[in-house]
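Visitor: Sequences and hints are given; from them, build the entire structure.
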Amino acid sequence: MELTTIKQVLDDEAITGTTIAAAGWVRTFRNDRFIALNYGSTIRNPQCVSDQEKVGPEAQTRTKGRSGANCFLPVDPYFEGGIASYIR
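For the sequence shown, the working numbering assigns the number 1 to the initial residue and increments by one for each residue that follows.
Accuracy of the hints is not assured; some may be wrong.
What the hints assert, rightly or not - Straight-line Cα separation of at most 25 Å, SDA-like style, residue types lysine to any residue; simulated pairs:
#1 7 - 25
#2 7 - 38
#3 7 - 30
#4 7 - 42
#5 7 - 29
None of these hints come from the bench; they were simulated from the model.
Guide: Put into structure tokens, the structure is as follows:
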């Protein structure tokens, strides 16, 4: 799957309802669940919501303050900010 920049995800309404792959680094990680993904293509950062039942504790630990974390972002127009995302 070809990577899509965060800027493309935020700016292109045609992506809505599709599943894309976006890679970046963890800007913030809070409550062991919410990850702000940064790629450098924009100052706006989508929030990834990790599903702890699908992601093991070792993956959660690796994302804290480390670069290279990735998210698959299903774009949902009804989610605040236009994006609902889940770590897989």
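Visitor: Work down the list of hints and note, for each, if the structure agrees.
Guide: Cross-check of the supplied hints:
1. 7 - 25: Measuring from Cα to Cα gives roughly 14 Å; hence the hint holds.
2. 7 - 38: holds (10 Å)
3. 7 - 30: holds (23 Å)
4. 7 - 42: Given pair residue 7, residue 42 holds - Cα atoms ~6 Å apart, limit 25 Å.
5. 7 - 29: holds (20 Å)
Consistency with the previously given hints is maintained throughout, with no hint failing.
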